[in-house]
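Colleague: If you want the building blocks of each chain, they are given just below.
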Amino acid sequence: MKSWRKTWTKMILSLSKDPVKIVREQDVILFRNRVKEMAVKIKMGLVNQTRLITAASELVRNMLRYADGGNCLIEVVSRGRDNGIRLTFTDQGPGIADIDLAMKDGYSTGKSLGLGLPGTKRLVNEFNIKSKVGEGTVVTIIKWANG
Amino acid sequence: MDRIPILRMGSFLLVTIQVDLYDRLALTLEADLVQMVNKTNAKGVLIDISAVSIVDSFMGRIIGNIASMSKILDAETVVVGMQPAVAITLIELGLPLKGVHTALDVEKGMNLLKSMIDEVVEEDLDEDDSVSE
Chain A
1 MKSWRKTWTK MILSLSKDPV KIVREQDVIL FRNRVKEMAV KIKMGLVNQT
51 RLITAASELV RNMLRYADGG NCLIEVVSRG RDNGIRLTFT DQGPGIADID
101 LAMKDGYSTG KSLGLGLPGT KRLVNEFNIK SKVGEGTVVT IIKWANG
Chain B
1001 MDRIPILRMG SFLLVTIQVD LYDRLALTLE ADLVQMVNKT NAKGVLIDIS
1051 AVSIVDSFMG RIIGNIASMS KILDAETVVV GMQPAVAITL IELGLPLKGV
1101 HTALDVEKGM NLLKSMIDEV VEEDLDEDDS VSE
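Protein chains in written order, with our numbering: chain A, 1 to 147; chain B, 1001 to 1133.
Bear in mind the hints are in silico, worked out from the structure with no lab data behind them. Some hints could be false.
[To be verified] Here are the simulated DSSO-like pairs of lysine-lysine, each with C-alpha atoms no more than 27 Å apart in a straight line:
1. A:K41 <-> A:K10
2. B:K1039 <-> B:K1114
3. A:K17 <-> A:K43
4. B:K1098 <-> A:K121
5. B:K1098 <-> A:K104
6. A:K132 <-> A:K21
[Stated by the list, open to error] Sample of chain A residues facing chain B (criterion: CB under 8 Å; computed from the structure):
7. V28
8. I29
9. L46
10. R51
11. T54
12. R122
13. L123
14. N125
No residue lacks a Cβ here, since even glycine has one placed at the ideal position from N, Cα and C.
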């Protein structure tokens, strides 16, 4: 019984899926608004909303800068009693050779501050990055409404 | 192309950002503002971001840039009206906006600018006195 409950509470269910294509800078605003709408719908607090949208904004910018755009999937997810937003960013860019290095504060190959990835990680509850050089990068983040 | 209007008020420039910024808009604002500081000989720049709900690392960098660029053109920059959630996010992101003066609202920001410029004027006067002595 106990182990069953454990697996049940750990399971993340996707309640809705909303794909958004990002090819131009202006798409970012549309995307941010869409994320905000979803966050409001699951009654996420204002501070968490801001954290989530800022994180999303960082990741979308990375995608535009390094991979000329890509796809985003906005999902409402639930885990037990918690509701949250899961964002999946998929691009077919050059990929990241050394993820550990990219996750370090202050490291950047572009002309930025190098806060994007590590900063984003601090703003969300779950952060997952997978990348293959020459194939692309997939970043998944989750922000729980009460997280 | 979209542009954010820059208003002139005496020796100050006033910018109210009422729309969501995308990168090119922010870069245009940066360029326009620095041009305007130069053209109008402004002593202060006041940026109202009370309607801005998101400041990410890029936007933060632009604000920092505007402040440093204005500084070397002899103008002070004050950012006013930041939403609490934005302040929390900026710090967690790792962007403390060092070197940027802030105030809670436009009125306080204006007073801060005035006091900063008065100080500079007084210092100049003091220096003049010491030279004549």
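Colleague: Against each hint, give a clear statement of whether it holds in the structure.
Modeller: Structure-based check of each hint:
1. A:K41 <-> A:K10: 23 Å, holds
2. B:K1039 <-> B:K1114: 20 Å, holds
3. A:K17 <-> A:K43: 18 Å, holds
4. B:K1098 <-> A:K121: 22 Å, holds
5. B:K1098 <-> A:K104: Satisfied, since the Cα-Cα distance of roughly 21 Å is no more than 27 Å.
6. A:K132 <-> A:K21: With a Cα-Cα distance of about 21 Å, the restraint between A:K132 and A:K21 holds, given a limit of 27 Å.
7. V28: Given a least distance of 6 Å, the restraint on A:V28 holds.
8. I29: 5 Å, holds
9. L46: 5 Å, holds
10. R51: 5 Å, holds
11. T54: Nearest chain B Cβ about 5 Å off; hint holds.
12. R122: With a minimum Cβ separation of about 5 Å from chain B (threshold 8 Å), the hint on A:R122 holds.
13. L123: 6 Å, holds
14. N125: 13 Å, violated
This entry does not satisfy hint 14, going by the numbered hints stated previously; all others are met.
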